[in-house]
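Starting from the known structure of chain A, fit chain B onto it as the hints suggest.
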Amino acid sequence: MNRKLLVGLLLGVVLVLGFALVMPTAAQDRWDGADDLPVNPLECPAAEGAGEASPAEMSMPEYDGGQPTDAPDLAGQPIVLVDVPKLVGIGYFAATTLGQQQAAEELGNVTVTTDAPTEANIDDQIAVIDNYITQGVNGILFAANDPVAIAPVLTRALESGIHVVGYDANSEPAAREWFVNQAEFNGIAKAMIDSMVAEIGADGSFAIVTSTFTTPNQARWIAEMQAYQGKCYPELTWLETVEAQEDNVLSFNQATTLINKYGPDLDGIFGMTSVATPAAADAVAQAGLCAVDAVAGAAGSAEDAVAVVGLATPNAMKPYVTGDFAGCVKSVVLWNPIDLGYAAVYVLRAVVDGEFAPGDTSVMAGRLGELQVVNGSEVLLGPPFIYTAENIDGFDF
Amino acid sequence: MTTIRQMDEQNPGAKFRRFLLRQEIILFIILTIAIILLTLGSDKFLTVDNLLNQGRLLTEIALVALPMTFIIVTGGIDLSVGSIMGLCAILLGYMWNPSGPFQWPLELAVIFSLVVGTLCGVINGLIIVRIGVPPLITTLATLALYRGLAEGISQARSVRNYPESFYVLGQGTFLGVPTQLWVVLIFVLITAIVLSRTVFGRSLYAIGNNELGARFSGIPVGVYKIIIYGFSGFMSGMAAWIFVSRVTTTRSDMGSGLELDAIAAVVLGGTSIFGGSGSIIGTVIGFVLIQLLKNGLALAGVTTDGTIVVIGTVLIFAILINNYIQRRVSAGK
Chain A
1 MNRKLLVGLL LGVVLVLGFA LVMPTAAQDR WDGADDLPVN PLECPAAEGA
51 GEASPAEMSM PEYDGGQPTD APDLAGQPIV LVDVPKLVGI GYFAATTLGQ
101 QQAAEELGNV TVTTDAPTEA NIDDQIAVID NYITQGVNGI LFAANDPVAI
151 APVLTRALES GIHVVGYDAN SEPAAREWFV NQAEFNGIAK AMIDSMVAEI
201 GADGSFAIVT STFTTPNQAR WIAEMQAYQG KCYPELTWLE TVEAQEDNVL
251 SFNQATTLIN KYGPDLDGIF GMTSVATPAA ADAVAQAGLC AVDAVAGAAG
301 SAEDAVAVVG LATPNAMKPY VTGDFAGCVK SVVLWNPIDL GYAAVYVLRA
351 VVDGEFAPGD TSVMAGRLGE LQVVNGSEVL LGPPFIYTAE NIDGFDF
Chain B
1001 MTTIRQMDEQ NPGAKFRRFL LRQEIILFII LTIAIILLTL GSDKFLTVDN
1051 LLNQGRLLTE IALVALPMTF IIVTGGIDLS VGSIMGLCAI LLGYMWNPSG
1101 PFQWPLELAV IFSLVVGTLC GVINGLIIVR IGVPPLITTL ATLALYRGLA
1151 EGISQARSVR NYPESFYVLG QGTFLGVPTQ LWVVLIFVLI TAIVLSRTVF
1201 GRSLYAIGNN ELGARFSGIP VGVYKIIIYG FSGFMSGMAA WIFVSRVTTT
1251 RSDMGSGLEL DAIAAVVLGG TSIFGGSGSI IGTVIGFVLI QLLKNGLALA
1301 GVTTDGTIVV IGTVLIFAIL INNYIQRRVS AGK
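Protein chains in written order, with the numbering used here: chain A, 1 to 397; chain B, 1001 to 1333.
Excised from the complex, chain A in its bound form:
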């Protein structure tokens, strides 16, 4: 009995170790954005200003979205929308919801309710949308947990005459009419890498904490980051990319593991989600590896310091930018999620009113003015925004 137990345990240990050793090495060099689309890195900083093409000037692909079947004509009439983000209960989607409510209030004839699973789970999200189709709404706003898995249920919504507009995380184009793109992937990738290089130099080493390898936005950004880094900063060392769902504790643990694993070799951590970035900053702060340690005045020699650059909401990052751990984080890359939710409602209203149809090149979105159409059926919110110690206190979300 005991020998069997021993053999069993040994076998288990060998198996697990085998995987632990094989997986990270296999995990490099496969950043294809999980969607097989080509990458399109922007110009390097040195070459900038040499006539960069703005999105509108680039050749415009055909409209590739879907259209609802026999949607009732509700132009100018009150409409009821449901908003299904990836999950509820996190600051980021609270901000998009706020933007939607602002738009609804301005427009006066739109009612938006936000409802989504409490975990970013594809099956739960499908069930939520399914229920709202049955309940009967005029429009659905969504942020997909998986671009393909969500497509059948969105197609069902279109077939039921419901308008469908995505924001934040896209689905397959044919399963929705429009997608409000918060920032083009290559733009974010460039902002992230440039910010990191500004802190750790063009020959530093970095690691990434992301949600999952197949989450649409994150996977795509990482692919673009790899392309842009390869093009502009070939000397940068990409140590590892780890998954942390969109989970506070897991993100903190993953970041801490990275710090312990690579020690002084680790110069910077990218947080790819609004959960991972503050968690990574917290991990760095608790390890006493902030570049400027305002707390103790001691610790954090510049050589050991770990820089954190990432996507996050300003409120979550204020402690590390201007607060107790000021200087831990110098740049937070993001768009404005309030504007994103705001724009999504305006786009859907314009579609219902017949003011925005396939083939149009721009749409009016209230206080945001005129937004450009890119990639066939996407509405571009604008260039990414970098929050720094100088401006972050002016934002509250």
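Hint data in this document are derived by calculation from the structure and do not stem from the laboratory.
Beta carbons are placed, not taken as given, at the ideal position from N, Cα and C, and that holds for glycine.
One thing to keep in mind: the hints can contain errors.
[Claimed, not checked] Beta-carbon label-pair distances, calculated as ranges: (1) A/Asn248 <-> B/Gly1301: 26 to 36 Å; (2) B/Ile1273 <-> A/Glu355: 52 to 62 Å; (3) B/Arg1130 <-> A/Gly376: 53 to 63 Å; (4) A/Pro78 <-> B/Gly1312: 32 to 42 Å; (5) A/Thr118 <-> B/Arg1197: 38 to 48 Å; (6) B/Val1309 <-> A/Leu107: 28 to 38 Å; (7) B/Ile1137 <-> A/Gly376: 45 to 55 Å; (8) A/Asn248 <-> B/Pro1134: 30 to 40 Å; (9) A/Leu37 <-> B/Leu1106: 16 to 26 Å; (10) B/Ile1137 <-> A/Asp324: 40 to 50 Å.
Okay, now just chain B, sitting in the frame of chain A:
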């Protein structure tokens, strides 16, 4: 049994009363009340379209909850079902993937993933029976192991663009009813008959009540356990097949949390977590009740976070009511 039968002969009313107080009947009454309340909550709830659509959504939990009933009846548990489902889904896509390393025909890939699923279950069974590690620990370990394998094999890649014919199982209908609901129905019938009408099924109760006694009665306890864990793995594979067909893609995080939904359905269905009692009918009522609550509350305008609170409360109350009545019954006989 003889004494109860004698009592029945003396007092025919007692037989009816005991029938009425059977766990399944009480659950059925709770289900009926829930349906009435949910129907009052939304006029979209009690429609054929909606109910059939809900059947589609509960399939994966249902398929896994059936073998879970077997396992819990023996006093065991299988926490690895969600991870096996994830692994099977990934393998199905990985083996078939026309631009991948294997490029097998889809049918072969499906069979292969079912075989692997079964094997995963058999491995659980072997560790539990041969090495003697408790089921909770074993399957907690393989939960991590199988999920890790799924993530390692998938290498973050999802496989898409299956042929249209593949979607029939997950999205099509047969005689007006969602295809996968027929699959559930067939497995419900098979498992119900096996558990209540065969020597194998009755032996599972014996194992759950007194494993040592069952062993001394000549029941091949080890073999039976390996069979049910293997069956659980197979059904997780079935769930994976149907799920991939429904959502048209494979991801390594598929099925995460499935084990908890399945166990909730089984326990709500009156199966004792300590083993020795339970039924397939109870489990069926369990997963139907949970799914209808999720759906009906959403249609009535309750948000998702509110819904899970209600479901948790209902779970506790249903179990409390059941326990209370069962205790009254056994005390009153």
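Range first: 52 to 62 Å. Now tell me if the beta carbons of B/Ile1273 and A/Glu355 are that far apart. The hinted range 52 to 62 Å holds for B/Ile1273 and A/Glu355, with Cβ atoms some 59 Å apart.
Falls inside 38 to 48 Å, the C-beta gap from A/Thr118 to B/Arg1197? 42 Å, holds
At the C-beta level, are A/Leu37 and B/Leu1106 separated by a distance inside 16 to 26 Å? At roughly 25 Å between Cβ atoms, B/Leu1106 and A/Leu37 fall inside 16 to 26 Å, so the hint holds.
That 32 to 42 Å hint for A/Pro78 and B/Gly1312 (C-beta), does it hold up? 36 Å, holds
Does the Cβ distance between B/Ile1137 and A/Gly376 fall inside 45 to 55 Å? 53 Å, holds
If I claimed the Cβ atoms of A/Asn248 and B/Pro1134 lie 30 to 40 Å apart, would that claim hold in this structure? At 31 Å between Cβs, range holds.
Would you say the C-beta atoms of A/Asn248 and B/Gly1301 sit inside 26 to 36 Å of each other? 30 Å, holds
Measuring from beta carbon to beta carbon, are B/Arg1130 and A/Gly376 in 53 to 63 Å? 58 Å, holds
Is it true that the C-beta distance of B/Val1309 to A/Leu107 lies inside 28 to 38 Å, as the hint says? 32 Å, holds
Do B/Ile1137 and A/Asp324 keep their Cβ atoms within the hinted range of 40 to 50 Å? 42 Å, holds
Going through the hint list in order, the structure satisfies each hint without exception.
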